[in-house]
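Residue numbers (UniProt numbering), protein chains in the order written: chain A, 1 to 451; chain B, 1 to 488.
Be aware that a few hints might be false.
Just the calculated beta-carbon pair ranges, DEER-fashion [stated by the list, open to error]:
#1 L236/A with A303/B: 23 to 31 angstroms
#2 L217/B with P327/A: 41 to 49 angstroms
#3 I438/A with L57/B: 36 to 44 angstroms
#4 A155/A with V325/B: 47 to 55 angstroms
#5 Q291/A with A173/B: 35 to 43 angstroms
These aren't lab readings, by the way, just hints derived from the structure by calculation.
Backbone N, C-alpha and C define an ideal beta-carbon position, used for all residues, glycine too.
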Amino acid sequence: MTDASLAGTPEPRATSSILTVDDRTRKRNAAEARFRAYGIAAIAVGLVFLVVLVSSILFKGAGAFQQSFITLNVDLQEAKLDKSGTRDIEAIKKVTTFGYNPLIDDALARAIADAGAENPFTKGKDLRKMISSGAAADIRDHVIAHPEQIGETVAFKLLASSRVDGYLKGRVTRDSLARDKNLTPAHLDLVDALQTAGLVTKSFNLDFITGADASESRPEQAGIGVSMLGSFYMMLVVLACALPIGVAASIYLEEFAPQNRFTDLIEVNIANLAAVPSIVFGILGLAVFIQFAHLPQSAPLVGGLVLTLMTLPTIIISTRASLKSVPPSIREAALGIGASNMQMVFHHVLPLAMPGILTGTIIGLAQALGETAPLLLIGMVGYIASNYPDGLIEGFMAPNSAMPAQIYEWAKRADPAYYERAWGGIIILLLFLMSMNIIAIILRRRFERRW
Amino acid sequence: MSAFWLLVIILALAVLGFVLGRARALASVGGDRRKLHSLPSFYGYNVAMLALVPALLVLCLWVILQPIVIHASVAGAIPETHYESSGQLNLVMSDVARVAEGLDEMVRQNVMTREGIAALDADSTDLRAQLAQVGVALGGEVSPTILSAAQALRARSETGTLALTVVVLIIAAGGFLFALRSSTGDFRARNRVESGVKLLLIGAASLAILTTIGIVLSLVFNTINFFGMFPMTDFLFGTVWSPEGRGGSEHLGILPLLWGTLYISLVALLVAVPIGLFAAIYLAEYAGKTTRAVAKPLLEVLAGIPTIVYGLFALTVVGPMLVGVFGADGLGWMQGARSVMTAGLVMGIMLIPFVSSLSDDIINAVPQTMRDGSYGLGATQSETVRQVVLPAALPGIVGAVLLAASRAIGETMIVVMGAGAAARLDLNPFAAMTTVTAKIVSQLTGDSDFASPEALVAFALGMTLFILTLGLNVLALYIVRKYREQYE
Numbered sequence: 001m002t003d004a005s006l007a008g009t010p011e012p013r014a015t016s017s018i019l020t021v022d023d024r025t026r027k028r029n030a031a032e033a034r035f036r037a038y039g040i041a042a043i044a045v046g047l048v049f050l051v052v053l054v055s056s057i058l059f060k061g062a063g064a065f066q067q068s069f070i071t072l073n074v075d076l077q078e079a080k081l082d083k084s085g086t087r088d089i090e091a092i093k094k095v096t097t098f099g100y101n102p103l104i105d106d107a108l109a110r111a112i113a114d115a116g117a118e119n120p121f122t123k124g125k126d127l128r129k130m131i132s133s134g135a136a137a138d139i140r141d142h143v144i145a146h147p148e149q150i151g152e153t154v155a156f157k158l159l160a161s162s163r164v165d166g167y168l169k170g171r172v173t174r175d176s177l178a179r180d181k182n183l184t185p186a187h188l189d190l191v192d193a194l195q196t197a198g199l200v201t202k203s204f205n206l207d208f209i210t211g212a213d214a215s216e217s218r219p220e221q222a223g224i225g226v227s228m229l230g231s232f233y234m235m236l237v238v239l240a241c242a243l244p245i246g247v248a249a250s251i252y253l254e255e256f257a258p259q260n261r262f263t264d265l266i267e268v269n270i271a272n273l274a275a276v277p278s279i280v281f282g283i284l285g286l287a288v289f290i291q292f293a294h295l296p297q298s299a300p301l302v303g304g305l306v307l308t309l310m311t312l313p314t315i316i317i318s319t320r321a322s323l324k325s326v327p328p329s330i331r332e333a334a335l336g337i338g339a340s341n342m343q344m345v346f347h348h349v350l351p352l353a354m355p356g357i358l359t360g361t362i363i364g365l366a367q368a369l370g371e372t373a374p375l376l377l378i379g380m381v382g383y384i385a386s387n388y389p390d391g392l393i394e395g396f397m398a399p400n401s402a403m404p405a406q407i408y409e410w411a412k413r414a415d416p417a418y419y420e421r422a423w424g425g426i427i428i429l430l431l432f433l434m435s436m437n438i439i440a441i442i443l444r445r446r447f448e449r450r451w
Numbered sequence: 001m002s003a004f005w006l007l008v009i010i011l012a013l014a015v016l017g018f019v020l021g022r023a024r025a026l027a028s029v030g031g032d033r034r035k036l037h038s039l040p041s042f043y044g045y046n047v048a049m050l051a052l053v054p055a056l057l058v059l060c061l062w063v064i065l066q067p068i069v070i071h072a073s074v075a076g077a078i079p080e081t082h083y084e085s086s087g088q089l090n091l092v093m094s095d096v097a098r099v100a101e102g103l104d105e106m107v108r109q110n111v112m113t114r115e116g117i118a119a120l121d122a123d124s125t126d127l128r129a130q131l132a133q134v135g136v137a138l139g140g141e142v143s144p145t146i147l148s149a150a151q152a153l154r155a156r157s158e159t160g161t162l163a164l165t166v167v168v169l170i171i172a173a174g175g176f177l178f179a180l181r182s183s184t185g186d187f188r189a190r191n192r193v194e195s196g197v198k199l200l201l202i203g204a205a206s207l208a209i210l211t212t213i214g215i216v217l218s219l220v221f222n223t224i225n226f227f228g229m230f231p232m233t234d235f236l237f238g239t240v241w242s243p244e245g246r247g248g249s250e251h252l253g254i255l256p257l258l259w260g261t262l263y264i265s266l267v268a269l270l271v272a273v274p275i276g277l278f279a280a281i282y283l284a285e286y287a288g289k290t291t292r293a294v295a296k297p298l299l300e301v302l303a304g305i306p307t308i309v310y311g312l313f314a315l316t317v318v319g320p321m322l323v324g325v326f327g328a329d330g331l332g333w334m335q336g337a338r339s340v341m342t343a344g345l346v347m348g349i350m351l352i353p354f355v356s357s358l359s360d361d362i363i364n365a366v367p368q369t370m371r372d373g374s375y376g377l378g379a380t381q382s383e384t385v386r387q388v389v390l391p392a393a394l395p396g397i398v399g400a401v402l403l404a405a406s407r408a409i410g411e412t413m414i415v416v417m418g419a420g421a422a423a424r425l426d427l428n429p430f431a432a433m434t435t436v437t438a439k440i441v442s443q444l445t446g447d448s449d450f451a452s453p454e455a456l457v458a459f460a461l462g463m464t465l466f467i468l469t470l471g472l473n474v475l476a477l478y479i480v481r482k483y484r485e486q487y488e
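Please construct the entire structure, taking both the sequences and the accompanying hints into account.
What follows is the structure, given as structure tokens:
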């Protein structure tokens, strides 16, 4: 063994100490700092996106929970509503909503005069643009419910039209009305006057949460309630199908399946189904449930079945994980005192794995609740049900929409007032998703066992 | 007898079977349960199971298949002079079904006897008015063909339902008696019940296979139908996509749609992969416990938000913002709020947590000894990450990126709302383009006539999408699986 350094000239001694930082070290340290900064920046960008998303949801959607109302003292004239004077309910029902419009015009004109403003409109039809076109129907419903009030003057809190509502929320300005045939700046002057008189108010909009969708020209009346019920029935179907099937499939795969080709085939299928795009499940639902089995289109039952197939892989994967986490000692103890395999699984392993299974199921349900694309293919689009379904069977079989599909429908409509509704709908949808996830987290924290 | 009452009867039979089976087994040993092979309730379950399950299976299959079979046989009996296309045949058949429904209603309301209906003659009676009286409104007059088809439909349905009742009751009673006879002390009831339960479990697990078969069959059959009406080469290599109403489209080329899909996915990956990867590296290698505990779940919130929310975000926030910068007032590259960039950016945001959590797991799976070795040689932390950890984790990261790409290609709502509706082959990322998924939605919503090539093309598009995403997934899983074991 020779020492090479002895042969040649000795290496020059390092001129600097380890304590002074040379160029190369400085470069390497700078690279280190840069790399770290990239990481921090990436996380910061992700979080900024989250903040922007959440704040735009809140800013744009909060308005949907407030609605502008105009309080009017409507004179329910007997001469117009019940000519015979007999208070016969059939005769009163014969007066259509058109018959109520003059009453609203009168009341509005009086209110404007009382507020001390000048009414520039000669035709009641023009003046009435301030009020929702659904207002007459509301008054008619009230009169039919209370025929004894005909002849009296009753105070009604009527929905303002969507443009007036937009003006009070800052969405509509006098400039933006220049090309708008639904309202003129002169109306806004009147709104200002009525507002100082305290007749135009904004208040909480319960109808948005409980109501049905409205036609394209009446965004102020649209609500998400009916489609919420559609989503609810769908979730019932998903829960009733996906939970038992998913648990049964996982028990088989985790506890009984032999190592063979058939088991491998099932496993590969589950792994692939978990990654199939959701819209493909929509195509499957359309072809199998509607074209082949002739189930009704747009029914929550069909939607629920499609979402069941879609969420099954999620539920199976999480159920298997929680079955796996039950320690072998439990199984061996059960087998040791004479239980059969089946008894061991159903009496001991399954109850211990239940919290984990429920957590996975809730997360699968939350995923199904927010899914839109497959529902569009089987016809669960917006504005398909204008009333609540009567009864349980109707709820499953009658055409209905679902929350995300309803939101999509609103987002498609041209009127910007509907964007506000869509964001409001998203707030409600996210509240549901958030509470489901919180329940799942609580379940996990509460019942999680460390063996 | 309707299926509902049949169901009630076999359920009742099962409950009765449980009680009788248990009692018979106990009686056979003189009430001394120690002499039984299984617990007494297993004898009951055995009888209930054999009475219920086979009958129920037959009932379900029959109820699903009977309308399909009868529908096909009645449709086959309608002379071909009455329709020109399969779409018209569907219309005729829906008339037939409606008339048959009306005739049922007439029997139910005692307007007409069943013999009276069999003897009906379309020319001599005004059936439309009579049907309207019982609450079934028809679009047109009832022609003799439709009436005879409706009568045939009714007659066959009645025969079918009668046969169903008989068959199901025989099966239920047979299972009941067979199981009851064997309920004696030394019969191994538990083993029989447990193997029955195991069959149910296997059935549930096979549903995954059935679903895949269902997807493949529904795509394949409709795609074949489509290629029967539209040349396959024009679909696969056509560069123009312009469907025209119902029927008669000449340009249904998939290339512009594929281009839009891939372009948008590329933009999404360009956003998601660097951000997601760096976030994962920071979380795995640098972040302290508290940072990790806060930042990781917050990033994953992005993955839990439904895609409809991202779609609306693209449409009303990101789109107008981009127009402000690149639109007519700014650089003039962008016409409207919908564009490749809008959809791609938002989809990228959606994919960040997907990429980051997958890569995080993979980076954490790289053994600590490799890092320690690198530090021992004097490498800084970033050098270790770049030259040791990332090369070791590369196959996994490639797999994660492929999975993210498959997600991006199959994503629907964001592109439906953010990417636009015009199919074009263009390089400008600020132009509106459309994708395979968006066109599936637009071709299949609204009109419900599935016989035209314009509707059927959606199945061919779905087939393309399915093959594409499946291929990516299989490739990704293969890569991940092949290289993961290296360090275990």
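Hint-by-hint comparison with the structure:
no., hint, in the structure
1, L236/A with A303/B: 23 to 31 angstroms, "26 angstroms, holds"
2, L217/B with P327/A: 41 to 49 angstroms, "42 angstroms, holds"
3, I438/A with L57/B: 36 to 44 angstroms, "41 angstroms, holds"
4, A155/A with V325/B: 47 to 55 angstroms, "51 angstroms, holds"
5, Q291/A with A173/B: 35 to 43 angstroms, "36 angstroms, holds"
Going down the numbered hints, you'll see the structure goes against none, and every one checks out.
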